[in-house]
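*Asks:* Residues per chain, in single letters:
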Amino acid sequence: GENVEQHPSTLSVQEGDSAVIKCTYSDSASNYFPWYKQELGKRPQLIIDIRSNVGEKKDQRIAVTLNKTAKHFSLHITETQPEDSAVYFCAAKGPKWGPTGTASKLTFGTGTRLQVTL
Amino acid sequence: DTEVTQTPKHLVMGMTNKKSLKCEQHMGHRAMYWYKQKAKKPPELMFVYSYEKLSINESVPSRFSPECPNSSLLNLHLHALQPEDSALYLCASSGRGTSGRETQYFGPGTRLLVL
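If you read the sequences in order, they're chains Y and Z. Counted from 1, the first sequence has number 141 at position 112 by our numbering; the numbering is strictly sequential. Counted from 1, the second sequence has number 135 at position 79 by our numbering; the numbering is strictly sequential.
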């Protein structure tokens with residue numbers, strides 16, 4: 030099955046600096062890579078995602094890059110703010126799955142605790 | 057609207073109790089999921105329903121029993137749980153949306169404590 034590794038496990042940056050979180054995956058058939066942000070006691074919230082036919086995607090201060098050949102993808106947060114402090118999970122999804130092809134099995138990375146200090 | 061709701065928010069139960077967790081979505085999604093999340097760990101998939109049929113059971117003990125009464129509702133029935141089952145139980149759904157059919161949206165979770 031799919032295996033997703035995520036680094037670093039903790040990351041501390043000063044407000045205004047950039048933060049980069051990296052993930053690698055094992056299954057070359059994986060084709061969808063979401064990133065979730067989870068604040069303490071809250072639900073995981075999708076912040077950005079990328080499909081295997083795209084190399085980079087940006088949404089304001091957040092960007093994700095994908096290198097299919099190397100099987101790794103990264104989250105980049107620029108101009109970090111204290112409210113960016115949270116745990117970030119990357120995930121990978123294999124090809125359509127389930128009897129009707131509608132369900133998607135996500136394999137999550139182990140998470141990165143980002144702390145943005147003033 | 058990308059909201060998945062769950063009840064109750066918190067639940068304390070003894071090892072001999074029977075309780076149920078409930079999840080609801082009105083996004084027209086046809087896949088729904090139960091995850092278990094322990095502190096400082098990623099969500100761990102338990103069950104997947106696709107078109108109201110159980111598609112995947114990730115070798116979950118029988119003391120957890122899922123049910124999908126209709127396309128909007130998902131239940132998780134709990135019986136004879138162990139203290140190590142204490143965790144945050146998350147429901148998610150996926151289907152058509154602005155982000156695509158495979159995007160999973162999570163509910164707020166039920167924080168379960170088994171005494």
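No wet-lab data here; the hints were simulated from the structure. One or more of the hints may lead you astray.
Restricting the straight-line Cα-Cα distance to at most 16 angstroms, the calculated cross-link-like pairs of lysine to aspartate or glutamate (EDC-like) are [to be verified]:
#1 Lys94/Z to Asp56/Y
#2 Lys109/Z to Glu123/Z
#3 Lys96/Z to Glu31/Y
#4 Lys65/Z to Glu80/Z
#5 Lys97/Y to Glu68/Y
#6 Lys97/Z to Asp56/Y
#7 Lys97/Y to Glu31/Y
#8 Lys71/Y to Glu59/Z
#9 Lys97/Z to Glu68/Y
#10 Lys87/Y to Asp56/Y
#11 Lys100/Y to Glu68/Y
*Asks:* Does each hint fit the structure? Answer for all of them.
*Replies:* Here is how each hint holds up against the structure:
no.: 1; hint: Lys94/Z to Asp56/Y; verdict: violated (25 angstroms)
no.: 2; hint: Lys109/Z to Glu123/Z; verdict: holds (9 angstroms)
no.: 3; hint: Lys96/Z to Glu31/Y; verdict: violated (21 angstroms)
no.: 4; hint: Lys65/Z to Glu80/Z; verdict: holds (13 angstroms)
no.: 5; hint: Lys97/Y to Glu68/Y; verdict: violated (29 angstroms)
no.: 6; hint: Lys97/Z to Asp56/Y; verdict: violated (22 angstroms)
no.: 7; hint: Lys97/Y to Glu31/Y; verdict: holds (15 angstroms)
no.: 8; hint: Lys71/Y to Glu59/Z; verdict: holds (14 angstroms)
no.: 9; hint: Lys97/Z to Glu68/Y; verdict: holds (13 angstroms)
no.: 10; hint: Lys87/Y to Asp56/Y; verdict: violated (24 angstroms)
no.: 11; hint: Lys100/Y to Glu68/Y; verdict: violated (27 angstroms)
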